[in-house]
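**Q** Please build the complex by placing chain B on the supplied structure of chain A, with the hints as guidance.
Protein chains: 2
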Amino acid sequence: MKTINVAIVGYGVVGNGVAKILEEKRELIRKKSNVDINLKKVFTRNWNKKFPYEIDKSKRVNSIDDILNDEDIDIIVEVVGGIEFPYKLMMEAINKNKNIVTANKALLAEKGKEIFKEAEKKNIRIGFEAAVAGGIPIIKALREGLIANNINKIYGILNGTTNYILTSMYKEGKDFKTALSEAQKEGYAEADPTLDINGTDAAHKIAILSSLAFGGYVDFSKIYKEGIENIDILDIELGKELGYILKLLAIGKAHGEEVEIRVNPTFLPANHPLSKVDGVFNAVMVEGDSVGETMFYGKGAGSLPTASAVVSDIVDIAKSISLNIGREIEITSLNWQHKDLNLTKVKDFFTRYYVRFTVPDITGILAKVATIFAKYNISIAAVIQKEKVLQKYQKNDEKIVPLVILTHTASENSIQKAIKEIEENNLTREKTVLIRVEDEDR
Amino acid sequence: MKTINVAIVGYGVVGNGVAKILEEKRELIRKKSNVDINLKKVFTRNWNKKFPYEIDKSKRVNSIDDILNDEDIDIIVEVVGGIEFPYKLMMEAINKNKNIVTANKALLAEKGKEIFKEAEKKNIRIGFEAAVAGGIPIIKALREGLIANNINKIYGILNGTTNYILTSMYKEGKDFKTALSEAQKEGYAEADPTLDINGTDAAHKIAILSSLAFGGYVDFSKIYKEGIENIDILDIELGKELGYILKLLAIGKAHGEEVEIRVNPTFLPANHPLSKVDGVFNAVMVEGDSVGETMFYGKGAGSLPTASAVVSDIVDIAKSISLNIGREIEITSLNWQHKDLNLTKVKDFFTRYYVRFTVPDITGILAKVATIFAKYNISIAAVIQKEKVLQKYQKNDEKIVPLVILTHTASENSIQKAIKEIEENNLTREKTVLIRVEDEDR
Chain A
1470 MKTINVAIVG YGVVGNGVAK ILEEKRELIR KKSNVDINLK KVFTRNWNKK FPYEIDKSKR
1530 VNSIDDILND EDIDIIVEVV GGIEFPYKLM MEAINKNKNI VTANKALLAE KGKEIFKEAE
1590 KKNIRIGFEA AVAGGIPIIK ALREGLIANN INKIYGILNG TTNYILTSMY KEGKDFKTAL
1650 SEAQKEGYAE ADPTLDINGT DAAHKIAILS SLAFGGYVDF SKIYKEGIEN IDILDIELGK
1710 ELGYILKLLA IGKAHGEEVE IRVNPTFLPA NHPLSKVDGV FNAVMVEGDS VGETMFYGKG
1770 AGSLPTASAV VSDIVDIAKS ISLNIGREIE ITSLNWQHKD LNLTKVKDFF TRYYVRFTVP
1830 DITGILAKVA TIFAKYNISI AAVIQKEKVL QKYQKNDEKI VPLVILTHTA SENSIQKAIK
1890 EIEENNLTRE KTVLIRVEDE DR
Chain B
1470 MKTINVAIVG YGVVGNGVAK ILEEKRELIR KKSNVDINLK KVFTRNWNKK FPYEIDKSKR
1530 VNSIDDILND EDIDIIVEVV GGIEFPYKLM MEAINKNKNI VTANKALLAE KGKEIFKEAE
1590 KKNIRIGFEA AVAGGIPIIK ALREGLIANN INKIYGILNG TTNYILTSMY KEGKDFKTAL
1650 SEAQKEGYAE ADPTLDINGT DAAHKIAILS SLAFGGYVDF SKIYKEGIEN IDILDIELGK
1710 ELGYILKLLA IGKAHGEEVE IRVNPTFLPA NHPLSKVDGV FNAVMVEGDS VGETMFYGKG
1770 AGSLPTASAV VSDIVDIAKS ISLNIGREIE ITSLNWQHKD LNLTKVKDFF TRYYVRFTVP
1830 DITGILAKVA TIFAKYNISI AAVIQKEKVL QKYQKNDEKI VPLVILTHTA SENSIQKAIK
1890 EIEENNLTRE KTVLIRVEDE DR
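First to last, the protein sequences are chains A and B.
So the first sequence is residues 1470 to 1911, counted in our numbering.
So the second sequence is residues 1470 to 1911, counted in our numbering.
Here chain A stands alone, though its shape is the one from the complex (with noise of 0.2 Å):
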């Protein structure tokens, strides 16, 4: 049995679950796989302090060339974070036949194809399940175990950190700031919070899950993302009167030659499969033409769950290094489509809507709403209207309220039309709320 040698980059939470799982688990994955992996070197910037999981000194490398000039080092382990350094980093590995496995999302969904393509060029195999869904096997999954399906759909709750704040507003009731300070208190929250709030990271995992589902690359900066710093608790309790729950989606659908690719909160019916994934728990929903609609579902971040994703690449790595298999088969899976994707424009998106207006209690003001709705052939399916004003939209002497407007399918453009005119028909008194609904015409 050859042993195959591992390297990783970065010492952090993921490396240190990594380096954990090679060394307690070599025995078991040698039962399992009939591959030896040996964990060689550990590259980080400072070994002068506590790990959680002390590496042995004769493996600590405070150089990166220590790790890129050896030759006996198979693949290289990529967990450091950002995207410059671990750019360079990957460039060279390949250069000098290196395989590399990553959980970079960042990375991936922001130079994949610049990376992808080098990587092909010398045969150099990049496996990245970690760096969507913490340890659920989804990116095998939409290689290998679902490959007998065109993807029609691919969506789901990918950012543990917003999952966890509206579950919170959700079930108690909190309002978006109580939730976050809280989910910071709890360690479900970065200090900085903002990729994860604004859906950047969510973004980043529906590229490379869009890629890999739809075969093309995703020109990241093209991707639609809306965040869940704005939402009022409002919007949460009036949507649970209609039966939904809200999410962060992030969701990429096939439409002919395009893909609609998105990431915004998105209401769901409570009794749909990714309703119920509460709190800092993953999912992500396949809809295949033969398959039909599978849920992938367990933890999307954390030290050890990361750290099994990662596992599972080196793995596979190493099993075909062992058998001098040559990478071609496997490397284009990115791109099998050998084209980069269409992404669908916004005023094109086509999906079901809930709309909050905030409105004039007087006589007639459903009325205008609905024909100006008609004007733009948006079909009305359900109305919400209080006759009791809600205390904080009470403000002068005008009584202000709610209306709740939830739509049948309509077109991006449409809906935004209305609401255009709407507002300048002076019918609203604040901004009008806008949210999309991933829900079957009924």
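Among the clues, some could well be false.
The list treats identical chains as one, so a pair stands whether inside a single copy or across any two.
Straight-line alpha carbon distances no greater than 27 Å define the calculated DSSO-like cross-link-like pairs of lysine-lysine that follow [unchecked claim]:
{"id": "1", "residue 1": "1510", "residue 2": "1471"}
{"id": "2", "residue 1": "1557", "residue 2": "1582"}
{"id": "3", "residue 1": "1643", "residue 2": "1565"}
{"id": "4", "residue 1": "1557", "residue 2": "1591"}
{"id": "5", "residue 1": "1855", "residue 2": "1518"}
What the hints contain is simulated information worked out from the structure, not anything from laboratory work.
**A** Relative to chain A, chain B alone:
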């Protein structure tokens, strides 16, 4: 690109789906995986009828030997059902050096040891993703995606028919017989549903999953199984009051050197992810020591979902053949501990219990029952004692009421002894109902 030739034996529901996918998606599979798969021959006993997917006459064969003796056939897909015929077929196929893909859970659960031993000798690959949970790629997840994990527990809803019946009992208050006959009308239960209803089908599947998860062969005849045929709607309703939903669970749990494998109706907390799995859907929960809890959800049966799994196995094996990989690396995976699993004896099961006694409505009964539980060191978590006498339990002049006790974790041995003593003390008027509960002690 080498072309890999496939033959299908058995042209029923799954066979039709496999043929359809292989023919209609040949190009898709080529793009995604770089292998070319040609459906060369299909065997069925009688070609004189209509098929959902009609196969070209040139591919139809009337004799198995036409396939077994065809040197060009690389992979045989066994989707014929039953045990004796496919067992003979597989053994012959192995001897003819053909790789095999099968959806036959009964065969693998009952004859897996013989088949895999023979396959190992001859270096033959056997793919069986379709044997468990239809299109859900759970076999691959266990073998590869979760390789870095010691699996502590694997459990799930593995039979769609019984889940459909239990869902309509729970949601619509139907009794078992009504729910079953409706399921038969809807096509979700067979004319003879015995193997589904009595837990045998789920037991076949958990035998296979347990082998993979814990790394040894399972003596199928020793698996404890209990079906849903005697489930009283009363218990579903009383369980609901305790916050539980009744599911037919198949469970494999590691306890040191032993594995507890069983299929039985099980109460789950209403907020458990498996509680939300309704109708004909399947779901498998895996608890790994690195990844934590993960769940895989989807359709457990049906032509195309099952065929989706068959085709993913075909592609995997086709890749290996294309790459001339030796087969040594994978074929031991059902038995990677190189042993037979030691099954926990029923008396040593250790779980929580729901016990419903049917008792006369007289003072002191609960005290007597509780005293006997205490004698056997069984700790009581909750009691439901109804004042109202249930109609169906009114007999003679004695008022008969249900007395439900929910226990903390206890051994099966203690619970059985306690029930026996209570019954022998003439405290009960009907057979006591015992339902296991999958829930943390709180």
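**Q** For a quick check of understanding: which of the numbered hints are violated here, in increasing order?
**A** 3 and 5
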